[in-house]
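Here's the letter readout for the chains.
There are 4 protein chains.
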Amino acid sequence: MIAGVIGATGYAGAELVRLLSGHPEIDSLIPASVSFEGERIENLYPNFLGKVSAALVKPEDAAARADVVFAALPSGVGESYAKTALERGIPFIDLSADYRFDDDEGTFSAWYGKPYGVPELRRWSVYGLPELNRSRIRELAAGKKVIIGNPGCYPTGASLGAFPALARGLAGSGTVIVDSASGVTGGGREPVRSFHYPECADSTAPYKVSCHRHTPEISRNFAAMAAMAAGSPAPGPAVIFTPHLVPMNRGILSTIYIPLAESWRVKSAGTAVRPPSKAVEEKTGEIRELYRDFYRDEPFVRVLPAGLIAATGRVRLSNFCDISVHLDAGGSVLIVVSAIDNMVKGAAGQAVQNMNVIFGFDETSGLAAIPASF
Amino acid sequence: MIAGVIGATGYAGAELVRLLSGHPEIDSLIPASVSFEGERIENLYPNFLGKVSAALVKPEDAAARADVVFAALPSGVGESYAKTALERGIPFIDLSADYRFDDDEGTFSAWYGKPYGVPELRRWSVYGLPELNRSRIRELAAGKKVIIGNPGCYPTGASLGAFPALARGLAGSGTVIVDSASGVTGGGREPVRSFHYPECADSTAPYKVSCHRHTPEISRNFAAMAAMAAGSPAPGPAVIFTPHLVPMNRGILSTIYIPLAESWRVKSAGTAVRPPSKAVEEKTGEIRELYRDFYRDEPFVRVLPAGLIAATGRVRLSNFCDISVHLDAGGSVLIVVSAIDNMVKGAAGQAVQNMNVIFGFDETSGLAAIPASF
Amino acid sequence: MIAGVIGATGYAGAELVRLLSGHPEIDSLIPASVSFEGERIENLYPNFLGKVSAALVKPEDAAARADVVFAALPSGVGESYAKTALERGIPFIDLSADYRFDDDEGTFSAWYGKPYGVPELRRWSVYGLPELNRSRIRELAAGKKVIIGNPGCYPTGASLGAFPALARGLAGSGTVIVDSASGVTGGGREPVRSFHYPECADSTAPYKVSCHRHTPEISRNFAAMAAMAAGSPAPGPAVIFTPHLVPMNRGILSTIYIPLAESWRVKSAGTAVRPPSKAVEEKTGEIRELYRDFYRDEPFVRVLPAGLIAATGRVRLSNFCDISVHLDAGGSVLIVVSAIDNMVKGAAGQAVQNMNVIFGFDETSGLAAIPASF
Amino acid sequence: MIAGVIGATGYAGAELVRLLSGHPEIDSLIPASVSFEGERIENLYPNFLGKVSAALVKPEDAAARADVVFAALPSGVGESYAKTALERGIPFIDLSADYRFDDDEGTFSAWYGKPYGVPELRRWSVYGLPELNRSRIRELAAGKKVIIGNPGCYPTGASLGAFPALARGLAGSGTVIVDSASGVTGGGREPVRSFHYPECADSTAPYKVSCHRHTPEISRNFAAMAAMAAGSPAPGPAVIFTPHLVPMNRGILSTIYIPLAESWRVKSAGTAVRPPSKAVEEKTGEIRELYRDFYRDEPFVRVLPAGLIAATGRVRLSNFCDISVHLDAGGSVLIVVSAIDNMVKGAAGQAVQNMNVIFGFDETSGLAAIPASF
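Residue numbers (the working numbering), protein chains in the order written: chain X, 546 to 919; chain B, 546 to 919; chain C, 546 to 919; chain E, 546 to 919.
Worth double-checking, as some hints may not be accurate.
Pairs involving identical chains hold if they fit within one copy or between any two copies, as the list cannot separate such chains.
Claimed, not checked - Calculated cross-link-like contacts (lysine-lysine; reagent style BS3-like; alpha-carbon spacing at most 25 Å):
{"id": "1", "residue 1": "823", "residue 2": "812"}
{"id": "2", "residue 1": "690", "residue 2": "823"}
{"id": "3", "residue 1": "690", "residue 2": "628"}
{"id": "4", "residue 1": "823", "residue 2": "753"}
Just so you know, these hints were derived from the structure itself, not from any lab.
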């Protein structure tokens with residue numbers, strides 16, 4: 546099988562190239578690029594030297610020849626390649642925000658500054674969080690017309706962390722706060738001041754407080770999950786999302802605060818002026834079990850045992866999402882911590898997982914790497 | 546004037562030595578240590594070579610001879626030195642948790658595992674956050690009996706970030722969430738697995754979720770601030786505190802979520818599915834002005850102008866606390882970001898500031914260093 | 546096939562576990578440990594959670610049951626397991642220094658503080674740098690008695706960098722200087738002050754100047770290579786080796802200065818007060834070609850094209866050794882830069898490569914991973 | 546006294562602003578910039594907020610009004626400001642390469658691509674390494690016409706490390722190798738790919754092997770030092786210089802290999818296949834004493850005692866140059882390690898030191914900061 550990768554020279558594209566090169570079902574790779582057509586990808590990424598030597602082709606050529614097309618482009622520039630893929634009856638897996646919203650409510654336009662060019666493409670698109678939408682992905686794949694809106698990195702970590710709580714009705718009516726930290730690769734390959742080594746080494750800070758584009762994506766996902774609990778469309782909780790930049794290369798850590806529904810709270814729990822009581826610990830154990838059960842059959846979600854807290858270093862270079870479950874001392878707020886590698890489960894790995902679902906491959910195919918220990 | 550530093554070989558002690566060595570009112574320094582008595586401090590910290598060559602003495606000798614005594618010891622082991630200082634009528638500035646609580650409610654015992662050895666010392670102690678307790682510090686100093694309970698690093702950043710909102714009645718009845726990130730020096734000088742370079746480089750994770758000892762200190766401070774707004778003792782908001790470890794040397798970043806009182810909320814603001822409205826921006830500006838006004842005379846608090854977000858890298862090696870003010874898109878939660886150098890304003894610098902207040906020195910004396918740019 | 550890993554809980558052991566878990570010829574793994582017998586390895590390395598769950602057994606059990614045994618132990622403690630393996634006719638691959646020297650000259654004793662316990666084991670041992678000793682490894686393997694003395698991390702990078710120059714007679718009579726830098730994982734898993742995050746972050750320094758144990762190993766390898774050029778045993782060049790510690794997790798960079806033989810020097814080249822002349826560039830190209838030719842059939846050595854300089858970041862998590870070739874402006878000193886991942890080609894990866902050679906597997910089996918881009 | 550800083554927005558300029566703001570003899574500061582005229586420097590460097598609020602002026606205005614002018618510009622663009630300063634009889638301290646060479650031999654043109662615009666300015670210029678040229682600096686200052694060619698960062702570390710050996714005749718006839726590592730601030734403030742966080746984090750590599758512009762500067766300095774030993778102009782040793790980039794913010798570490806003159810070698814010393822002998826240790830001690838004696842009166846050079854090796858982390862944010870002295874096991878090559886903060890002793894701090902020499906201030910004035918411990 547031949548995989549095309551449009552936008553192969555950005556960080557997500559390069560990670561796709563790395564993962565697909567080791568995928569047992571992929572026989573060859575067509576990397577494509579608008580800016581670097583004709584160059585060899587190993588010249589741009591000398592780590593690939595001798596292993597990935599293909600010359601970069603025009604994006605349309607990749608779309609015309611591959612059996613599956615991945616696009617790692619900025620939002621709003623790749624719809625024509627999706628159209629070609631649809632017409633050829635091959636899957637199109639898009640890592641931009643172009644297919645994350647159906648946009649009946651204008652959310653995409655409001656955050657990305659322009660409406661879709663070819664809105665009707667969304668008839669065949671699906672938000673590609675396999676844990677949430679696996680059956681819809683398969684359905685579209687069966688019809689030979691499927692476009693994947695591969696999730697954003699932050700929404701992946703946030704959604705997997707909150708999913709069981711929201712879908713099982715643990716959440717009360719309060720605001721859910723998602724406080725996240727990302728490694729610097731999340732900013733992409735272009736050198737800009739914020740990601741200049743001396744500016745971000747040895748410093749931590751939030752950015753785009755209350756105005757990051759991943760906020761509506763998280764909010765929409767939470768609403769879909771809350772609807773599962775309600776049994777009918779529901780507005781979903783209010784969401785606050787604060788991304789931070791920390792001096793590391795890979796990883797997204799999300800600390801998620803979910804106010805519990807009355808029935809899930811610990812009665813007469815305690816307060817912050819005393820360490821958590823036994824009752825709080827027991828309730829935490831109960832919710833942890835619910836999480837484990839919820840994700841029982843998911844190959845890439847690990848709900849950590851008591852005593853362990855999710856850390857980005859432990860999912861490094863893998864497609865895992867690690868989740869740990871905690872309660873505040875008052876027993877009324879669920880604190881979930883999730884960790885992913887932003888470039889793998891948060892981007893290229895999830896795209897490969899979507900391909901595996903579409904083609905009916907083992908879902909871990911090409912993604913079986915154990916996280917590096919250091 | 547002679548300054549004694551007990552526990553001079555730990556990280557906070559070494560930072561005290563660095564700062565006091567450059568203090569214009571300090572003529573000489575007596576570093577003391579239980580474990581390294583007789584050794585020269587420059588042998589333990591070769592960065593001091595040729596500049597701080599004094600041999601380490603017994604703690605009791607420092608307490609007996611200095612004009613002001615700093616103690617950077619674990620909690621519960623230094624009360625006898627405080628007693629000596631009190632008897633000699635000289636100030637004792639303690640960086641442990643020993644004097645942060647009066648402990649009428651047993652908070653110290655509950656979190657630190659044992660009651661005070663000499664409880665009556667608290668008659669002359671004060672929680673040394675100058676921005677909160679400057680007049681009480683001066684009062685005790687005037688009576689020649691003063692023990693400073695120097696604040697914890699996290700509580701300093703959290704308290705300065707929330708102070709104006711709580712004391713001016715902006716906060717509503719909801720839970721305040723303090724989500725913080727610390728550099729690794731916060732873990733101290735002893736080599737342990739969690740702070741082993743390969744274990745914490747390139748990784749981010751929370752630790753002690755819901756059970757960090759700084760939680761009751763933050764909660765108590767918040768209650769004191771809320772009481773200012775109420776005009777009478779008040780319980781203060783419920784608090785959730787989650788510390789994270791990030792791969793950097795210095796700095797504490799706190800992102801603080803404060804639900805606003807009804808009257809401070811933005812009516813018909815918006816939601817997370819749309820970027821913040823103009824009304825939200827205006828209210829943010831109004832609150833920012835309130836913060837600026839609140840801290841107008843504080844030499845070490847910088848409320849950042851619109852467009853800037855607090856970052857630990859910008860307060861590096863200084864005693865500043867940088868604060869930026871934000872609102873969620875819904876206009877009902879105040880998001881305050883505060884950044885300090887954990888070893889300076891979060892420990893040794895604040896201790897020196899307390900000394901300056903006690904002796905009536907210019908409060909920035911010995912602390913005038915501009916933050917390093919990188 | 547069953548692989549035993551003795552000392553599986555150290556960093557090199559854990560890296561062996563990671564690599565062997567993905568090896569297509571290995572059906573199962575028996576991790577063993579003296580200190581943690583009975584524990585599950587995923588409890589010590591939670592990154593392995595759900596992927597490597599085996600309980601750690603006694604080392605002797607691993608030696609008795611496996612089809613190939615790896616040992617990642619300190620020097621001088623594992624000879625009995627090698628004996629068991631020899632008796633059972635299975636390969637023993639040792640990552641300590643125990644089989645790197647035949648020690649007829651007492652080099653091992655002089656540097657490691659004691660003589661071998663069972664010296665006769667060296668009859669069946671070979672220094673496992675496949676690029677140097679592949680045929681001898683195969684020879685011993687054919688006889689069903691083979692112990693691999695897996696090379697040290699620094700000697701691997703230094704030896705591969707100097708090999709073509711020494712074996713082809715480019716080197717003159719002067720001292721060869723090996724100036725190397727290592728990531729912190731090279732120091733192992735035990736927390737000690739030198740590898741405590743705040744002590745080594747944002748700092749660079751040499752250590753063990755002129756007295757690192759890898760010096761005699763490098764020197765011996767250089768002599769073996771020089772003997773190839775001479776066609777008979779030769780003393781080999783004098784060697785100076787200076788290791789440095791730099792704040793990164795993985796990687797060893799070696800900058801190697803080799804004085805050229807008279808016939809290889811650029812006549813009337815120039816000096817440091819002028820940029821390198823065209824003649825110097827041409828000679829550099831000639832030597833680069835010689836290097837390429839020398840390593841033509843090696844699957845893991847990449848001689849970089851003109852314009853690229855070896856960097857540790859580009860071999861990260863791979864078994865590659867990248868080499869770039871340069872000359873000084875005076876045209877009389879060859880400067881070779883080599884980069885390896887210290888935990889892969891410098892330890893566990895090379896051990897797996899040795900296993901592949903022994904069993905006649907494709908030499909890249911289980912080691913085909915492309916270096917991570919970041 | 547008023548100090549002008551032209552090019553105040555680059556990294557060296559910002560460091561000058563930081564240091565001069567704390568200098569007791571400087572009453573006010575005029576920061577100047579071509580690109581950012583009119584902007585406030587605290588907007589570009591928010592770490593200066595509230596402490597350095599001056600608006601940036603045109604460079605000519607700074608040159609016309611200040612009592613001393615610092616220029617931190619690229620080479621070849623600031624000669625007119627030097628001319629103004631000369632005419633006004635005020636010192637001009639230039640951090641570019643413009644005044645590091647008298648260029649009678651065309652070295653500057655060969656490396657910097659063009660000849661000097663106003664060559665005659667060199668009549669009043671001096672290479673500002675105070676340890677080497679202090680008396681010449683004073684001489685020119687006395688004449689009220691003085692231009693300082695402030696040394697490059699690498700040449701500062703290399704020259705101070707080699708100075709005693711070369712000037713006292715320890716060096717033999719062989720090539721001196723300077724193998725250096727720099728933090729990323731050395732690359733300046735402009736975001737480029739090489740200094741993009743994900744490209745340089747967790748990686749080490751050399752750059753500009755044999756062709757870095759600091760090579761001729763090091764070579765010229767070494768020749769000047771060798772001439773002191775010879776008692777007459779001497780060619781100086783051949784020099785090889787290899788800079789490396791390591792993932793840290795500040796610091797330059799130089800490991801310098803100096804072949805000893807016959808008379809300084811250890812007779813029957815040993816070889817790399819045995820640990821250094823006692824005779825080698827004794828000779829090392831002898832040379833260390835010579836170094837200590839040589840630098841006895843230098844306020845910023847610390848020759849470390851036996852057992853300590855120079856490390857960049859220990860001179861962080863100070864004007865110190867730490868030096869440790871070693872020998873190879875063969876007793877014929879002196880290995881000197883020097884460490885400086887590239888932005889302080891390697892740039893802005895040395896510039897301030899030059900100002901202190903010119904005006905007869907205490908040489909440590911404004912530079913008394915003890916290195917930060919972490």
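Now the hints, each set against the structure:
Within a single copy, residue 823 and residue 812 get their C-alpha atoms as close as 12 Å, which meets the 25 Å cut-off; across copies the closest is 41 Å, which misses it. With identical chains, the CA atoms of residue 690 and residue 823 are never at most 25 Å apart, being 53 Å at best within one copy and 42 Å at best between copies. Taking the closest pair of Cα atoms, residue 690 and residue 628 come within 25 Å of each other only inside a single copy of the chain (10 Å); across copies the shortest separation is 62 Å, beyond that limit. Taking the closest pair of Cα atoms, residue 823 and residue 753 come within 25 Å of each other only across two copies (16 Å); inside a single copy the shortest separation is 39 Å, beyond that limit.
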